[in-house]
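Student: Each chain is listed here by its residues.
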Amino acid sequence: MAQNPETLIEVQHLTKSFVADTNFFGKPTSFVQAVDDVSFSIRKGEAFGLVGESGCGKSTIGKMLVGLLRPTSGKIIFEGKDLATLSPRERREHCRDIQLIFQDPYASLNPRMTVGQIVAEPIKTNKLLPAEKIDARVDELLERVGLSRAMKNRYPHEFSGGQRQRVGIARALAVNPKLIVCDEPVSALDVSIQAQVLNLLDDLKEQFGLTYLFIAHGLNVVKHISDRVGVMYLGKLMEIAPKRSLYHEPLCPYTQALLSAIPSPDPHLQRKRIILEGDVPSPIDPPAGCRFASRCFAKVGACDVAAPDLREVLPDHMCACHRYESVAPADVVKTSRDIQYDAARPSYGRGAKDVNADPVVAPGTKRGA
Amino acid sequence: MILVAELINDTAMLQEQEPAPSSVPPESPDAERSSAKPESLWKDMWYSLTQNKPAMVSLFFILLLVVIAIVTAVVPQVLPYDPYQQDLSQSFQAPSAAHWFGTDQQGRDIFSRVLVGTQISLTVGLLSMSISLVVGVALGAIAGYKGGVVDTVIMRVMDMMLAIPSILLAIAFMAALGQGIDKAIVAIGLVSIPEYARIVRSQILSVKQSDYVAAARVIGDTDAVIIFRHVLPNVLPSIIVRATLGISGAILDAAALGFLGLGVQPPAAEWGDMLGRGRNYIFQAPYAMIFPGLAITVTVLAFNLLGDGIRDALDPKARKR
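Chains as they are written, first to last, in the numbering used here: chain V, 113 to 481; chain S, 306 to 626.
One or more of the hints may lead you astray.
To be verified - With a Cα cut of at most 30 Å, we get these calculated DSSO-like pairs of lysine-lysine:
1. K355/V with K290/V
2. K290/V with K513/S
3. K236/V with K513/S
4. K245/V with K348/S
5. K236/V with K348/S
6. K622/S with K236/V
7. K358/S with K513/S
8. K358/S with K139/V
9. K451/S with K139/V
10. K451/S with K236/V
11. K175/V with K317/V
12. K175/V with K348/S
13. K451/S with K187/V
14. K239/V with K348/S
15. K187/V with K513/S
16. K239/V with K513/S
17. K236/V with K355/V
18. K451/S with K245/V
19. K239/V with K317/V
Rather than coming from a laboratory, the hints here were simulated on the basis of the structure.
Computed from a predicted model, the values in this text were never measured in an experiment.
Work out the full structure, taking the sequences as your base and the hints as a guide.
Tutor: Now the structure itself:
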């Protein structure tokens with residue numbers, strides 16, 4: 113992953129730990145490893161999805177990118193500068209280029225400011241426009257996100273969740289950012305509104321040439337909007353792949369389990385769910401080997417001993433799993449299907465052997481069985 | 306997408322049917338609130354407050370008290386009688402055309418004394434509230450922002466003060482400082498510091514953690530902007546409400562100290578002191594304590610109602626528009 117001109121932001125060995133417990137004198141005795149040695153890069157104009165279950169550290173990564181949290185170690189290289197080492201003042205200069213859309217549209221808008229003031233604030237703070245042009249720009253932004261300009265003198269409590277999220281998007285757009293971190297922007301909305309907001313985000317990406325880091329806790333939301341997807345588990349990145357590759361050929365067993373958990377809208381579709389057993393280990397004392405080893409259905413001896421490195425298993429498809437270490441590139445897909453087949457076998461019996469866990473794109477499945 | 310636009314337009318239509326505020330010119334009905342400049346927090350608040358009748362009546366009553374206090378201090382000749390002139394032959398006259406509220410044991414006109422008492426009660430209320438407001442808000446804000454050891458030290462001292470009933474603490478302060486109305490103001494101001502500190506600290510703690518403060522940080526706001534634009538406006542309402550209630554509390558405390566004979570020196574007219582002295586003659590001359598008592602009650606009620614009104618006016622959700 114050399115820094116090439118297409119890369120907008122590159123994260124190298126990013127680590128964040130929080131103090132979990134202190135002794136009597138306030139000296140930290142144990143840490144929560146929220147993010148552990150995570151590296152990835154996002155290309156200009158792409159939407160990079162980041163998925164994983166609650167508490168796996170994906171929001172922490174987002175907060176570090178926008179500067180709300182300081183990394184414990186590691187680099188965030190944005191346009192050639194390492195944001196992690198900048199002083200708070202220099203950091204503020206760069207804030208403008210990286211904006212955040214919050215998860216909770218109810219908490220992220222100041223209840224005592226009108227929507228117009230909320231959207232105008234970033235423009236004023238960063239002195240982007242002369243005062244007389246701000247009004248027109250606010251109108252334009254509100255209309256761009258699908259709100260009427262007549263609404264700008266209303267307060268956030270007069271809006272629905274979806275409308276508030278649109279206000280949050282307008283605020284993020286106000287400073288013409290290059291990268292927008294979407295921190296589960298639709299998980300607080302109901303399903304019909306989710307689709308509207310996702311469509312809006314997709315349209316805006318086209319119109320403004322934006323780059324997204326799209327954080328979500330399920331693969332189905334990410335599937336709609338992302339070009340590449342990273343899967344996280346307990347502070348580690350398990351797999352990074354282009355969307356098609358990840359959904360068709362999931363390599364990491366955890367990704368396979370996640371994909372098999374996506375609910376299907378078709379009740380007749382053959383489902384082979386991979387049911388994981390046990391709970392996520394505590395991030396305070398994470399397992400020594402692979403983070404997923406305690407729940408993995410494809411575990412080998414090495415998994416408990418050493419954490420696998422994230423490496424390019426297929427072209428542009430990175431995975432951290434011991435199972436692929438001595439497998440020739442030509443056999444990788446077959447190996448991954450074998451793993452899935454073995455895991456899904458209890459409920460299996462009718463499909464072909466080479467089905468994958470994605471129920472919607474599964475080839476050759478019989479309907480109405 | 307079209308469907309959404311329609312939905313939004315529908316809500317816009319619904320909203321337009323609400324009566325528009327009087328500030329909108331009638332010749333542009335479709336312009337309504339949208340084209341008007343965004344009103345400031347204070348203008349909005351004032352408009353909403355004017356819609357609240359009890360609060361407005363209270364406000365006028367308080368303004369009337371202020372006028373009475375100033376006029377009686379500057380030109381005491383306007384009073385029907387000299388409030389300090391004793392005339393034992395006139396002692397305990399019932400209310401009449403000559404003495405509206407009657408006279409006390411020394412034959413002084415109670416109406417004149419109640420009017421003059423406004424000076425002391427308002428001074429005590431406003432000054433001691435200011436002391437506790439300034440010190441309490443500063444301590445609470447520091448504790449809330451800094452956290453850690455500073456927070457612990459400040460709040461434990463506040464807890465110690467809260468552990469003692471405030472009137473006892475005020476009496477203790479008076480014992481240390483000596484008698485006199487100026488000392489009473491300081492004592493009453495000191496004892497209510499912890500309440501302000503606690504309110505401000507808890508509010509700042511919750512606002513500090515909120516997403517919209519994080520959003521302001523992402524936008525690039527400086528700490529000062531975050532404090533003045535995002536934290537304080539959201540903390541202010543509870544402070545203002547507590548302050549108006551604090552005025553009435555301070556007036557009551559001053560009255561209690563006066564009742565106990567600690568507040569003012571004897572000839573001075575103070576409502577609590579008058580109430581305390583009238584108590585001895587409650588059956589012969591009930592008017593000697595009824596009227597000072599009424600003055601306290603109505604004044605306190607006015608400050609409380611005004612405080613409620615301001616709280617509602619500052620809350621966009623409770624605002625009438």
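Student: Now tell me if each hint is right for this structure.
Tutor: Evaluated hints:
| no. | hint | result |
| --- | --- | --- |
| 1 | K355/V with K290/V | holds (22 Å) |
| 2 | K290/V with K513/S | holds (28 Å) |
| 3 | K236/V with K513/S | holds (22 Å) |
| 4 | K245/V with K348/S | holds (24 Å) |
| 5 | K236/V with K348/S | holds (21 Å) |
| 6 | K622/S with K236/V | holds (26 Å) |
| 7 | K358/S with K513/S | violated (35 Å) |
| 8 | K358/S with K139/V | violated (57 Å) |
| 9 | K451/S with K139/V | holds (19 Å) |
| 10 | K451/S with K236/V | holds (28 Å) |
| 11 | K175/V with K317/V | holds (21 Å) |
| 12 | K175/V with K348/S | violated (37 Å) |
| 13 | K451/S with K187/V | holds (29 Å) |
| 14 | K239/V with K348/S | holds (26 Å) |
| 15 | K187/V with K513/S | holds (28 Å) |
| 16 | K239/V with K513/S | holds (25 Å) |
| 17 | K236/V with K355/V | violated (38 Å) |
| 18 | K451/S with K245/V | violated (39 Å) |
| 19 | K239/V with K317/V | holds (24 Å) |
Hint compliance for this structure: hints 7, 8, 12, 17, 18 are not met, and every other hint is.
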